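Asker: Here is how the chains run, residue by residue.
Protein chains: 2
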Amino acid sequence: MFDYKLLAALAAVVEQGGFERAAQLLGLSQSAVSQRIKLLEARVGQPVLVRAMPPAPTEIGRRLLNHVQQVRLLERDLQGQVPALDDGGLPERLRIALNADSLATWWARALGDFCAEHRLLLDLVVEDQDVGLKRMRAGEVAACVCAAERPVAGARSLPLGAMRYRALASPDFIERHFPLGVQAGSLARIPAIVFGPDDLLQHRYLAQLGVEGGFAHHLCPSSEGFVRLTEAGFGWGLVPELQVQRELASGALVEIIPDLPLDVPLYWHHWRNGGELLTALTEHLHRGVAGWLVKP
Amino acid sequence: MFDYKLLAALAAVVEQGGFERAAQLLGLSQSAVSQRIKLLEARVGQPVLVRAMPPAPTEIGRRLLNHVQQVRLLERDLQGQVPALDDGGLPERLRIALNADSLATWWARALGDFCAEHRLLLDLVVEDQDVGLKRMRAGEVAACVCAAERPVAGARSLPLGAMRYRALASPDFIERHFPLGVQAGSLARIPAIVFGPDDLLQHRYLAQLGVEGGFAHHLCPSSEGFVRLTEAGFGWGLVPELQVQRELASGALVEIIPDLPLDVPLYWHHWRNGGELLTALTEHLHRGVAGWLVKP
Numbered sequence: 001m002f003d004y005k006l007l008a009a010l011a012a013v014v015e016q017g018g019f020e021r022a023a024q025l026l027g028l029s030q031s032a033v034s035q036r037i038k039l040l041e042a043r044v045g046q047p048v049l050v051r052a053m054p055p056a057p058t059e060i061g062r063r064l065l066n067h068v069q070q071v072r073l074l075e076r077d078l079q080g081q082v083p084a085l086d087d088g089g090l091p092e093r094l095r096i097a098l099n100a101d102s103l104a105t106w107w108a109r110a111l112g113d114f115c116a117e118h119r120l121l122l123d124l125v126v127e128d129q130d131v132g133l134k135r136m137r138a139g140e141v142a143a144c145v146c147a148a149e150r151p152v153a154g155a156r157s158l159p160l161g162a163m164r165y166r167a168l169a170s171p172d173f174i175e176r177h178f179p180l181g182v183q184a185g186s187l188a189r190i191p192a193i194v195f196g197p198d199d200l201l202q203h204r205y206l207a208q209l210g211v212e213g214g215f216a217h218h219l220c221p222s223s224e225g226f227v228r229l230t231e232a233g234f235g236w237g238l239v240p241e242l243q244v245q246r247e248l249a250s251g252a253l254v255e256i257i258p259d260l261p262l263d264v265p266l267y268w269h270h271w272r273n274g275g276e277l278l279t280a281l282t283e284h285l286h287r288g289v290a291g292w293l294v295k296p
Numbered sequence: 001m002f003d004y005k006l007l008a009a010l011a012a013v014v015e016q017g018g019f020e021r022a023a024q025l026l027g028l029s030q031s032a033v034s035q036r037i038k039l040l041e042a043r044v045g046q047p048v049l050v051r052a053m054p055p056a057p058t059e060i061g062r063r064l065l066n067h068v069q070q071v072r073l074l075e076r077d078l079q080g081q082v083p084a085l086d087d088g089g090l091p092e093r094l095r096i097a098l099n100a101d102s103l104a105t106w107w108a109r110a111l112g113d114f115c116a117e118h119r120l121l122l123d124l125v126v127e128d129q130d131v132g133l134k135r136m137r138a139g140e141v142a143a144c145v146c147a148a149e150r151p152v153a154g155a156r157s158l159p160l161g162a163m164r165y166r167a168l169a170s171p172d173f174i175e176r177h178f179p180l181g182v183q184a185g186s187l188a189r190i191p192a193i194v195f196g197p198d199d200l201l202q203h204r205y206l207a208q209l210g211v212e213g214g215f216a217h218h219l220c221p222s223s224e225g226f227v228r229l230t231e232a233g234f235g236w237g238l239v240p241e242l243q244v245q246r247e248l249a250s251g252a253l254v255e256i257i258p259d260l261p262l263d264v265p266l267y268w269h270h271w272r273n274g275g276e277l278l279t280a281l282t283e284h285l286h287r288g289v290a291g292w293l294v295k296p
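If you read the sequences in order, they're chains A and B.
According to the UniProt record's numbering, the residues represented by the first sequence are 1 to 296, in order.
According to the UniProt record's numbering, the residues represented by the second sequence are 1 to 296, in order.
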């Protein structure tokens with residue numbers, strides 16, 4: 001069998017983003033961690049890590065991490081029955097990537113009961129809905145919520161429904177910039193808010209209106225911050241309807257063009273051999289999410 | 001004078017996190033960007049970038065980026081008067097690092113008017129309060145909000161007041177885990193929620209109670225997600241009072257130990273030669289923030 005001490009060192013360095021933190025996590029010296037990585041590389045016959053800040057797995061390193069992730073899930077199934085097999089320390093966490101807007105809205109409500117019942121700890125990784133799948137492919141997470149349908153090799157994808165977004169702004173902002181309603185021609189010069197370089201929702205909304213190319217925008221990589229900026233009149237932006245039900249009802253936020261939503265389908269990706277816990281979580285999610293997402 | 005085409009290429013590669021996106025931003029081919037970086041390195045006589053994913057500046061690269069950031073701020077002062085000097089394209093954004101909890105609470109309300117009035121676009125970078133200063137040191141941002149007081153060379157720091165945190169959980173969670181009140185001895189085994197590896201607030205709170213070492217916790221790198229997880233009974237965690245006034249008033253969230261807040265002082269760091277706009281923004285912030293933060 002593989003030497004899992006070595007593989008655990010690799011996983012810790014990548015997941016913790018460095019040798020120092022990996023050493024803390026594993027309760028080892030930094031040089032011991034480094035030694036294990038070197039030994040792993042000697043056995044594999046090639047580098048498993050790119051030594052940068054943070055260290056990144058090589059192609060073969062990614063395949064090994066992917067394997068570790070799946071072994072961990074299988075181990076978890078046994079832990080209830082043979083807890084003594086565990087090598088001590090605190091319970092492991094299930095690492096899941098999801099988009100910030102899901103985390104800010106339906107995620108906790110759909111899974112709270114499940115995690116309490118199964119005494120499951122989560123390690124959530126926020127990734128834009130269009131790039132979360134990279135973390136699956138890299139073997140860094142056990143599952144992910146993202147906008148891509150096609151599963152990576154060894155995984156399955158399950159449609160969850162769509163997040164409904166609305167292009168919103170504060171009433172003051174609308175009065176200042178759109179006194180005569182939205183004019184597509186001038187929209188590119190009126191400040192928008194964009195979550196980050198991977199967020200293309202505002203681009204898609206503008207494309208719907210025939211506006212192509214660049215446009216003035218703030219960058220704000222926080223779901224809650226995005227809503228606060230929109231309320232405070234920094235710009236207009238696409239916000240999940242679920243997140244601002246109160247603000248829409250009170251009129252603190254208003255659609256810039258009435259009833260022109262943008263729906264983003266979301267998929268749950270999980271390893272096919274992910275073990276019982278992941279299967280149960282998948283079933284729970286499938287049932288629980290229906291109330292929050294719309295049918296695409 | 002320096003060749004700013006080359007420096008702009010370096011800034012774009014680092015800020016966009018890669019050559020491909022930098023090329024898109026600059027409207028160049030990827031090989032042209034790569035060519036400019038090589039030429040810059042030939043002139044400087046040493047590497048300015050570590051070629052990893054994402055590319056990171058070397059020590060000398062950081063100093064150059066720091067310089068670019070300051071030149072951009074000085075240019076901005078002139079732009080109102082000599083707009084034709086600008087090399088075209090959309091307006092530049094002011095890059096500011098801040099902690100997620102500030103962005104989720106007071107930031108937008110303290111600065112909304114200022115940004116609208118000065119037609120200022122922001123590029124916000126979320127960094128944990130203890131590490132935001134690294135971005136200043138690296139020259140990647142013009143200013144930052146963080147918990148460290150000591151300014152980096154060339155910058156000033158200004159105390160803003162303190163964010164007040166409270167250790168909260170849902171009433172159900174408290175009934176399930178603390179039926180007889182919080183017992184310090186067992187607290188480490190009851191799930192907490194931690195923002196990420198740099199978030200030590202829960203550790204500090206536990207240390208106050210005499211609990212040292214590891215403890216069971218979820219990881220959730222999103223302010224809004226953190227509140228949602230707390231409400232849904234995933235665990236207890238330290239949440240900014242400002243963010244959950246409604247939940248505290250309604251009883252949806254309750255302090256696990258009555259009236260035991262944790263105050264985190266925040267500082268505004270900005271370049272000393274940052275130009276008029278940054279000075280005006282600093283003054284506005286200083287006045288505006290008083291209502292939101294507590295005196296440490």
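Possibly wrong hints are sitting among the right ones.
As the list claims (entries may be wrong) - Simulated pairs of lysine to any residue, SDA-like, Cα-Cα distance not exceeding 20 Å:
hint: 1; chain 1: B; residue 1: K134; chain 2: B; residue 2: G112
hint: 2; chain 1: A; residue 1: K134; chain 2: B; residue 2: G18
hint: 3; chain 1: A; residue 1: K134; chain 2: B; residue 2: P54
hint: 4; chain 1: A; residue 1: K134; chain 2: B; residue 2: R21
hint: 5; chain 1: B; residue 1: K134; chain 2: A; residue 2: K134
hint: 6; chain 1: A; residue 1: K134; chain 2: B; residue 2: E20
hint: 7; chain 1: B; residue 1: K134; chain 2: A; residue 2: R21
hint: 8; chain 1: B; residue 1: K134; chain 2: A; residue 2: G154
hint: 9; chain 1: A; residue 1: K134; chain 2: B; residue 2: K38
Said to hold, decoys possible - If you want a taste of the chain A side facing chain B, the calculated C-beta under 8 Å gives, among others:
hint: 10; residue: A52
hint: 11; residue: M53
hint: 12; residue: R93
hint: 13; residue: C115
hint: 14; residue: S222
Treat the hints as calculated values from the structure; they're not laboratory data.
These numbers come from a predicted model, not from an experiment.
Glycine included, C-beta positions come from ideal geometry on N, C-alpha and C.
Asker: Evaluate each hint against the coordinates.
Answerer: Checked hints:
no. : hint              : verdict
1   : K134(B) x G112(B) : violated, 26 Å
2   : K134(A) x G18(B)  : holds, 16 Å
3   : K134(A) x P54(B)  : holds, 14 Å
4   : K134(A) x R21(B)  : holds, 17 Å
5   : K134(B) x K134(A) : violated, 27 Å
6   : K134(A) x E20(B)  : holds, 17 Å
7   : K134(B) x R21(A)  : holds, 17 Å
8   : K134(B) x G154(A) : violated, 39 Å
9   : K134(A) x K38(B)  : violated, 29 Å
10  : A52               : holds, 3 Å
11  : M53               : holds, 6 Å
12  : R93               : holds, 7 Å
13  : C115              : holds, 6 Å
14  : S222              : holds, 5 Å
Of the numbered hints stated above, those contradicted by the structure are hints 1, 5, 8, 9, listed in ascending order.
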